[in-house]
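J.: Use the sequences and the hints to build the structure in full.
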Amino acid sequence: MYKTILNIALKNAFLRKSRAILLILMIGLSMGTMLSIEGLYDGMTTNMIDKTIRSDSGEISIYPKKYRLNKEIKYQIKNTPKIIKNIQTLPGVTSVVQRFKVEGLARSATKAYPSTLIGIDLKDEEIFGQFSEFVTSGDLNLGIRGCIIAKELAKNLKLKLNSKLIFTTRDINNEIKSTLFRVKAIIQTTNIHLDNKAIFISKDKITSYLGVDKDSSTQIAIRVNNEKSITTIKKLYFEYDALDFKEINPLLKQMQDMMVIFNSITFSIVMFVVFIGILGVMYVSILDRVREFGIMIALGYKYKYIRYQVISEALFLGLAGFIVGSIVGYISLTYLKIYGLDLSSFADGLASFGMNSILYADLKFAYFSASFYAIIFASILSVFLPLRKIKKLNPVEVIKANK
Amino acid sequence: MIKLKNVNKYFYKGEPKEIHALKNISLEINKGDFLALSGSSGCGKTTLLNAIGVLDNIDDGEIFLNNKEISKLCKDEKTDIRLNEIGFVFQAYNLIPVLNVKENISFIMRLQNFSEDEINSRVLEVASLLQIEDKLDSLPSFLSGGQQQRVAVARAVASKPKIILADEPTANLDSKNSQTLMNMFRELNIKEGVTVLFASHDKYVIDAVDKVIKLEDGKLI
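Listed in order, the protein sequences are those of chains B and W.
Going by the numbering used here, the first sequence opens with residue 150, and the numbers climb by one from there.
Going by the numbering used here, the second sequence opens with residue 745, and the numbers climb by one from there.
Hints are computed from structural coordinates only; laboratory data are not their basis.
Do not take every clue at face value.
[Unchecked claim] Derived pair list, reagent style PhoX-like, types lysine-lysine, alpha-carbon separation capped at 20 Å: (1) W:Lys822 <-> B:Lys453; (2) B:Lys538 <-> W:Lys775; (3) W:Lys816 <-> B:Lys451; (4) B:Lys453 <-> W:Lys935; (5) B:Lys451 <-> W:Lys935; (6) B:Lys541 <-> W:Lys906; (7) B:Lys451 <-> W:Lys822; (8) B:Lys260 <-> B:Lys326; (9) B:Lys541 <-> W:Lys904; (10) B:Lys541 <-> W:Lys822.
[As the list claims (entries may be wrong)] Here are the computed distance ranges between Cβ atoms for each label pair: (11) B:Thr182 <-> W:Gly786: 58 to 64 Å; (12) B:Lys538 <-> W:Leu883: 24 to 30 Å; (13) W:Lys955 <-> B:Ile425: 35 to 41 Å.
[Stated by the list, open to error] Which bits of chain W does chain B cover? Going by a derived footprint, with three or more residues having C-beta under 8 Å, they are: (14) 751 to 764; (15) 818 to 826.
No residue lacks a Cβ here, since even glycine has one placed at the ideal position from N, Cα and C.
T.: Written out as structure tokens, the structure reads:
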């Protein structure tokens with residue numbers, strides 16, 4: 150019997166071909182657009198978080214107590230290599246780097262800007278976050294006085310490759326010290342904290358320049374592959390400030406939350422449109438067939454069969470729309486994931502928010518599964534109002550009226 | 745088989761324009777009867793037919809089908825009776841437009857969960873009896889009025905109901921088709937032993953039946 154009901158539902162769902170095709174296209178295109186927007190929003194935040202993690206914080210960073218409030222070099226992590234060795238033995242840890250950071254003033258021939266000198270080990274940074282991918286010009290061969298400068302800072306100081314700069318700061322004895330560097334490479338991380346202020350030199354160079362112990366650091370950044378490792382590290386190194394990337398970058402966390410809200414709003418609006426679309430089509434379709442339903446009831450077709458039939462009709466249309474939407478969404482997201490959305494004309498504005506000028510989309514199975522459930526829900530919900538009309542139907546009246 | 749006791753039916757009950765459509769109707773219809781309800785337009789033929797077929801509610805009285813009171817059953821129970829006991833033939837054919845002739849004829853059988861083999865053989869049997877076997881794959885919209893009415897009859901008899909209620913079955917047919925249709929009903933009545941009750945004032949129907957029950961202004965005369 151249910152085969153008969155499904156057969157009637159299938160025939161009725163696609164009886165008015167142009168109406169059904171329009172509805173399916175409406176659902177498909179709305180869903181495809183929604184998936185693209187969702188993927189781009191997520192891609193944007195994922196990209197920002199990924200670059201911040203790779204260029205600076207890792208999933209978790211350890212700082213000396215008080216250092217983050219008062220960035221003076223007297224606050225140091227002593228015996229860093231030993232700590233790193235211990236961390237590397239923890240499960241889930243994929244890489245660890247140590248950095249020594251000092252605040253100071255960078256000067257070119259004509260300009261001066263507050264900046265941060267960061268001592269790094271390039272080999273470790275490459276393993277940690279593919280540092281070389283951030284290079285926009287030059288190469289990473291630092292030599293004796295070479296430095297790597299962030300793009301925005303280079304722009305502000307009017308520095309190019311091979312330009313000279315002088316960095317001034319206080320050493321461990323509180324003496325003012327200046328040293329000269331030559332720009333060997335320019336990088337852009339889209340991490341605004343780095344892009345506006347960072348100058349990278351070798352770890353050994355900075356410790357000797359500042360007169361600090363070569364085994365000391367101001368940050369140990371750690372990459373892990375699970376949340377549990379973050380908790381473990383926080384517990385183990387409680388005597389330091391062990392902070393995860395969301396605590397280090399609260400703005401990113403806020404942005405991520407905001408994107409979830411944007412996505413939810415977009416999702417709700419699109420699903421509401423889908424709901425209204427199916428409701429409209431089902432309402433008209435059911436009102437067109439009141440007589441048919443009256444005849445069927447007169448012949449012994451129960452109301453519950455009509456309910457199954459009408460719900461099945463809505464589901465056939467909704468699922469057809471979902472299939473079209475999935476295809477459109479998948480193609481569009483795959484394109485945006487590979488080639489991205491080029492917003493170069495807004496590059497400066499986007500960079501000030503720490504975003505790339507080319508936005509790459511994320512492609513997650515969850516987008517499709519959430520849309521599937523929402524469309525099923527919208528399809529079922531959309532037939533309740535028209536079904537109320539049928540429930541009140543008196544077959545005699547319908548048959549009489551059409552004599 | 746069917747027994748009506750003091751059946752009364754009102755339209756617009758309690759309103760100034762109240763109509764007393766059936767007045768104290770009492771009658772008995774036996775198994776295998778071939779009879780007609782006759783009378784002028786508006787005398788209550790269709791109302792009585794609908795009441796017997798539990799399509800419409802009555803306000804007073806009792807209707808028995810095989811000694812079971814059926815007028816006060818709930819909606820779903822009445823639907824079951826219409827599905828399992830009664831075959832309907834409507835004046836306007838009332839075929840299901842999205843289903844082809846074969847699917848229309850087998851519609852009730854499928855609701856009754858007949859097997860596919862039973863359905864196929866029965867559809868062919870009634871289709872050949874009603875001379876529509878070459879139209880089985882056609883949609884109702886491609887059939888003439890006479891052919892549609894034969895499909896409606898085939899649908900009504902395919903599941904072998906005990907009773908067929910036919911409301912003005914010849915109203916939209918010409919004299920030749922009317923005569924043919926009545927011959928078919930008679931054949932079904934004899935061959936299948938089906939009780940047939942018509943509501944009609946058409947002479948082809950009146951001439952063909954064994955007994956005519958006359959109605960006037962909602963009363964049996």
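J.: Against each hint, give a clear statement of whether it holds in the structure.
T.: Verification of the supplied hints:
For a cut-off of 20 Å, the pair hint linking Lys822 (chain W) to Lys453 (chain B) stands: about 14 Å separates their Cα positions. Between the alpha carbons of Lys538 (chain B) and Lys775 (chain W) the distance comes to roughly 38 Å, so the proposed pair goes past 20 Å and is violated. Restraint check for Lys816 (chain W) and Lys451 (chain B): the C-alpha separation of about 17 Å stays at or below 20 Å, so the hint holds. The suggested pairing of Lys453 (chain B) with Lys935 (chain W) is violated, with an alpha-carbon distance near 35 Å, which exceeds 20 Å.
Note on Lys451 (chain B) and Lys935 (chain W): the hinted pairing is violated, with a Cα-Cα distance of about 31 Å set against a maximum of 20 Å. With a CA separation close to 29 Å, the supplied pair Lys541 (chain B) and Lys906 (chain W) exceeds the 20 Å bound. Distance hint between Lys451 (chain B) and Lys822 (chain W) is fulfilled; the C-alpha atoms sit about 10 Å from each other, no more than 20 Å. Pair hint Lys260 (chain B) plus Lys326 (chain B) holds up; C-alpha atoms about 18 Å apart against a cutoff of 20 Å.
With a CA separation close to 30 Å, the supplied pair Lys541 (chain B) and Lys904 (chain W) exceeds the 20 Å bound. Using a Cα cut-off of 20 Å, the hinted pair Lys541 (chain B) and Lys822 (chain W) holds, with the two alpha carbons roughly 16 Å apart. Range check, Thr182 (chain B) to Gly786 (chain W): Cβ separation about 60 Å, and the 58 to 64 Å hint holds. Between Lys538 (chain B) and Leu883 (chain W) the Cβ separation comes to about 26 Å, which falls inside the hinted range of 24 to 30 Å.
Distance hint for Lys955 (chain W) and Ile425 (chain B): a CB-CB separation of about 58 Å, inconsistent with the stated range 35 to 41 Å. Interface restraint, the segment 751 to 764 of chain W with chain B: violated (0 residues with C-beta to C-beta distance below 8 Å; minimum three). Check on the segment 818 to 826 of chain W: 5 of its residues sit with their Cβ under 8 Å from a Cβ of chain B, so the three-residue criterion for coverage holds.
Violation of the numbered hints given earlier is confined to hints 2, 4, 5, 6, 9, 13 and 14; the remaining hints are satisfied by the structure.
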